[in-house]
Amino acid sequence: MESFFDISVLIVIAVLLLSLLLAFVRVVTGPTLPDRVAALELVNVIVVAFIAMYTVWSGQVAFIDASVSLALIAFVSTLAFARFVMRGSES
Amino acid sequence: MTATDARDLVAILLMLAGAAFILVAALGLLRMPDLPMRLHATSKAGTLGAGLILAGVAVFHWELGVTTRGLVTVLFLILTGPVAAHLIARSGYFALRVKLWEGTGVNELAQNHARQAKGREAGPGDGSPRVT
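These protein sequence lines map, in sequence, to chains A and B. The opening position of the first sequence corresponds to residue 26 in our numbering, with each subsequent residue numbered one higher. The opening position of the second sequence corresponds to residue 140 in our numbering, with each subsequent residue numbered one higher.
With the rest of the complex left out, here is chain A (with noise of 0.2 Å):
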């Protein structure tokens, strides 16, 4: 039984797969640091709305939890990089 709504469900899934792969290919070939951390920004983002479509596709809603707290960790992963980034070219 494949509804409308099930096969939506596999393209927005498809969809984000390809952004992420798209996002990767600027990871390895960014050509400075700052480069690779945008494109690390926008595959936590892809990834925090993929966890929030594997509770619909999976039903087991619990995963939410696992979408807010990834979304947490990169802000405060991006302030340690730029911190790091800024007090290293003072020294």
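Worth double-checking, as some hints may not be accurate.
[Stated by the list, open to error] Examples of chain A residues toward chain B, derived with CB under 8 Å:
1. S44
2. I89
3. D90
4. A96
[As the list claims (entries may be wrong)] Here are some chain B residues pointing at chain A (derived, C-beta under 8 Å):
5. K183
6. T186
7. L193
8. F199
9. I227
10. E247
The hints are simulated quantities; they were obtained by calculation from the structure and are not laboratory data. Just so you know, even glycine gets a beta-carbon here, dropped at the ideal spot from N, CA and C.
Take the given structure of chain A and dock chain B to it, following the hints.
Coordinates of chain B only, in the frame set by chain A:
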């Protein structure tokens, strides 16, 4: 059409729109020529796309706990996305001196923050209006 069907339709429309925005963000990240343009693509379109998908998930489940967590995640993404992009762009421009695209016309940072940008070599887009 029952209420559940209508809610599923709204949810799947939100999810499809969010996936389209995230795809646009990834394409922009891959195709744009320098760091500020890549951040321009990823920060706004990526945050909007993930926010739409999380709103769709919140509408789909429609329980108090799950919907609240989804909406809190949307709020948090909207709050932290611009701050994170600003930090990355600032550290890239001032600390790592990332080269801008050669077609950059106006660079107001070069004039207003000349003290912090000291030592940055004069390049395209450093204050002078673009010729041709």
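Evaluated hints:
1. S44: OK, holds: S44 of chain A within 8 Å of chain B, min 4 Å.
2. I89: Holds - the Cβ of I89 of chain A comes within 8 Å of chain B, reaching about 5 Å at its closest.
3. D90: 7 Å, holds
4. A96: With a minimum Cβ separation of about 5 Å from chain B (threshold 8 Å), the hint on A96 of chain A holds.
5. K183: 11 Å, violated
6. T186: Constraint on T186 of chain B satisfied, holds at 7 Å.
7. L193: 5 Å, holds
8. F199: Holds. Min distance 6 Å.
9. I227: 5 Å, holds
10. E247: Interface hint status for E247 of chain B: violated (20 Å vs cutoff 8 Å).
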